[in-house]
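The task is simple: from the sequences and hints, build the whole structure.
In order, the protein sequences belong to chains V and D.
With UniProt numbering, letter number 247 in the first sequence gets 247, and the count goes up by one each step, no holes.
With UniProt numbering, letter number 110 in the second sequence gets 110, and the count goes up by one each step, no holes.
Source of the hints: derived by calculation from the structure; they are not laboratory data.
Watch out, some of these pointers could steer you wrong.
Covered stretches of chain D (in silico footprint by chain V; criterion: 3 or more residues with CB under 8 Å from a CB of chain V, positions within the stretch not fixed) [stated by the list, open to error]:
1) 99–106
2) 112–124
3) 133–145
Within a straight-line C-alpha distance of at most 27 Å, the following computed DSSO-like cross-link-like pairs (lysine-lysine) qualify [as the list claims (entries may be wrong)]:
4) V/K23 x V/K188
5) V/K23 x D/K141
6) V/K23 x D/K68
Glycine included, C-beta positions come from ideal geometry on N, C-alpha and C.
Residue-level listing of the chains:
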Amino acid sequence: MDGFDQLPDALILQIFNSVSDIKTLIRCRAVSRRFNSLAPQTDSLQLRVDRVISSDSGCCGGADDDDYASSSDSLLLVFFKSIIKSLHELVSPSPLPALRQSQSNSPCRILRGFDRVRDLEIELPSGDLRLEKGAVVKWRAEFGRSLRSCAILGFRAIRYSAPPQLPVAGAEPGDELGEAADFARGLKSRVVWTISALIAASARHYLLKEVVREQRELERLVLRDRDGEGTVVMDKAGMAELRAASAAAAHVSQEEEEDEDEDEGEGSRNRTRVPSVRMRMRHAPRLELNDGVWAEGATLVVVRPSLGARDGDESSGTQLGRAGGRDDVAEELSEDAELATAAFGEGLYGEAVQALLKGRSYILEMNSF
Amino acid sequence: MSSSSTTTTTTRLLMLKASDGVTFEVEEAVATKLGAINNMVEEEGSEDLICLPNVNGKFLGMVLEWCKKHANNNTNSDKGNDEVNKWWDKEFVMDLDQNTLYHLLMAADYLSGTELVDLLTEKVASMIRGKKVEEIRETFKIKSDFLPGQEEEIRKKNSWAFE
Chain V
1 MDGFDQLPDA
11 LILQIFNSVS
21 DIKTLIRCRA
31 VSRRFNSLAP
41 QTDSLQLRVD
51 RVISSDSGCC
61 GGADDDDYAS
71 SSDSLLLVFF
81 KSIIKSLHEL
91 VSPSPLPALR
101 QSQSNSPCRI
111 LRGFDRVRDL
121 EIELPSGDLR
131 LEKGAVVKWR
141 AEFGRSLRSC
151 AILGFRAIRY
161 SAPPQLPVAG
171 AEPGDELGEA
181 ADFARGLKSR
191 VVWTISALIA
201 ASARHYLLKE
211 VVREQRELER
221 LVLRDRDGEG
231 TVVMDKAGMA
241 ELRAASAAAA
251 HVSQEEEEDE
261 DEDEGEGSRN
271 RTRVPSVRMR
281 MRHAPRLELN
291 DGVWAEGATL
301 VVVRPSLGAR
311 DGDESSGTQL
321 GRAGGRDDVA
331 EELSEDAELA
341 TAAFGEGLYG
351 EAVQALLKGR
361 SYILEMNSF
Chain D
1 MSSSSTTTTT
11 TRLLMLKASD
21 GVTFEVEEAV
31 ATKLGAINNM
41 VEEEGSEDLI
51 CLPNVNGKFL
61 GMVLEWCKKH
71 ANNNTNSDKG
81 NDEVNKWWDK
91 EFVMDLDQNT
101 LYHLLMAADY
111 LSGTELVDLL
121 TEKVASMIRG
131 KKVEEIRETF
141 KIKSDFLPGQ
151 EEEIRKKNSW
161 AFE
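Spelled out as structure tokens, the structure:
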């Protein structure tokens with residue numbers, strides 16, 4: 001025995017784990033009998049979805065208008081309501097629903113050959129957001145059965161020279177009125193970014209359901225896109241929670257023999273319902289970053305389910321039983337910092353995050369949608 | 001090999017003996033980058049001569065060269081180290097012929113040199129990734145040993161991957 005064949009199975013498996021790309025690994029199965037028996041045991045996989053088949057399912061219908069009407073309780077919410085509808089059209093239909101329909105290469109089917117997957121990354125060909133020209137938005141969301149957190153970082157523009165001064169001077173530090181005015185400027189587009197990101201995140205989460213149901217060994221699941229726009233992350237506990245919730249939902253719908261009318265309000269939308277959330281938004285009209293890079297209209301939003309909004313979740317009271325005192329605010333702020341730092345890492349974006357975290361933050365609340 | 005005549009008591013030297021009798025004198029801090037040697041040192045303590053009957057001198061030498069480089073780079077503790085290590089790792093695996101690559105991989109695995117194993121498996125993986133079935137067979141000199149029809153069956157089931 002010489003050449004490649006002298007390597008023991010354990011090392012070949014490590015090599016396959018390192019190959020990671022599912023397409024190549026399926027090809028490996030056709031190389032030899034030994035390859036065919038080892039490749040399906042790979043536990044760390046990456047699936048690149050190259051082709052997007054446009055979705056023809058009507059996912060943009062306004063079937064939930066009644067929900068919104070009954071739950072409006074603030075001016076801001078009315079404002080949100082009006083833009084959420086238009087946003088469903090803004091966010092392009094996600095590619096995976098289409099893949100689910102085309103039976104031959106749905107992620108689930110592709111993965112069916114592999115039964116020990118612990119670590120899975122799915123990469124979509126592109127991001128979902130349609131933004132103003134020059135704008136950059138990135139987000140990272142963690143999910144269980146529904147949203148656990150989402151960090152969103154956006155810039156109206158990134159320049160490689162100092163931007164021209166605006167006619168209205170920016171706020172001096174400590175000038176609260178000025179800061180508030182700065183914050184209000186462009187608020188609408190920042191809210192649009194935030195909601196778009198949340199819709200994109202919840203659509204992607206919805207697509208992972210089937211994969212989570214079938215791949216029981218999964219410990220880490222990441223769904224990202226080649227543009228580096230959005231990332232959905234689920235950990236082992238989050239996936240267990242989702243499986244339990246779907247099993248319970250299936251049970252209920254069997255008993256009541258009602259098919260489409262789900263509690264979670266997912267019926268016609270092809271996305272997971274976003275719970276009522278509390279968002280902490282930070283904004284800077286201009287940020288000077290390293291190497292002469294300037295970010296304009298820099299925004300950081302950290303989104304979390306509102307306290308008490310995570311119904312069916314009372315058991316995990318340790319995290320949620322906060323009353324809202326000063327300690328809790330401090331804790332929330334440091335959690336924000338952790339989430340945002342973890343989401344956007346180092347480099348240019350990390351630098352912007354650190355700068356934004358130092359600034360004042362504003363809280364916005366939003367009902368479930 | 002630095003014959004340290006100075007009285008730096010911190011650097012203890014170990015003798016490593018390969019399967020073909022070749023011996024290497026290595027600083028403990030370097031050799032213990034290898035998990036297997038680290039265990040032996042911790043368990044047997046005073047023993048200065050370590051016999052490694054499953055690795056021959058050529059590959060043990062290469063593994064130790066890698067360890068030494070990484071140990072040295074890591075002592076000057078500034079941030080550029082990762083870059084230096086990466087660059088050096090790339091050089092290290094660049095011109096390895098396949099047989100050396102496999103033996104080195106097995107030696108590193110036997111010695112529990114996790115980082116080196118990762119580096120080498122990634123090198124082999126990069127030779128597989130994105131290739132067609134025939135190209136993989138050719139690269140690694142593997143002959144198909146499928147029974148008639150088996151390969152077609154696999155291709156048919158996953159036709160999208162073979163386009």
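Here is how each hint holds up against the structure:
Counting residues of the stretch 99–106 of chain D whose C-beta sits closer than 8 Å to any C-beta of chain V gives 4, which meets the bar of three, so the coverage hint holds. Remark: the stretch 112–124 of chain D is confirmed as covered by chain V, as 5 of its residues place a Cβ nearer than 8 Å to a Cβ of that chain, reaching the required three. Given a C-beta distance limit of less than 8 Å, the hint that chain V covers the stretch 133–145 of chain D holds, as 9 residues qualify and 3 suffice. Between V/K23 and V/K188 the alpha-carbon distance is near 42 Å, which puts this suggested pair outside the 27 Å criterion.
Using a Cα cut-off of 27 Å, the hinted pair V/K23 and D/K141 holds, with the two alpha carbons roughly 21 Å apart. Between V/K23 and D/K68 the alpha-carbon distance is near 38 Å, which puts this suggested pair outside the 27 Å criterion.
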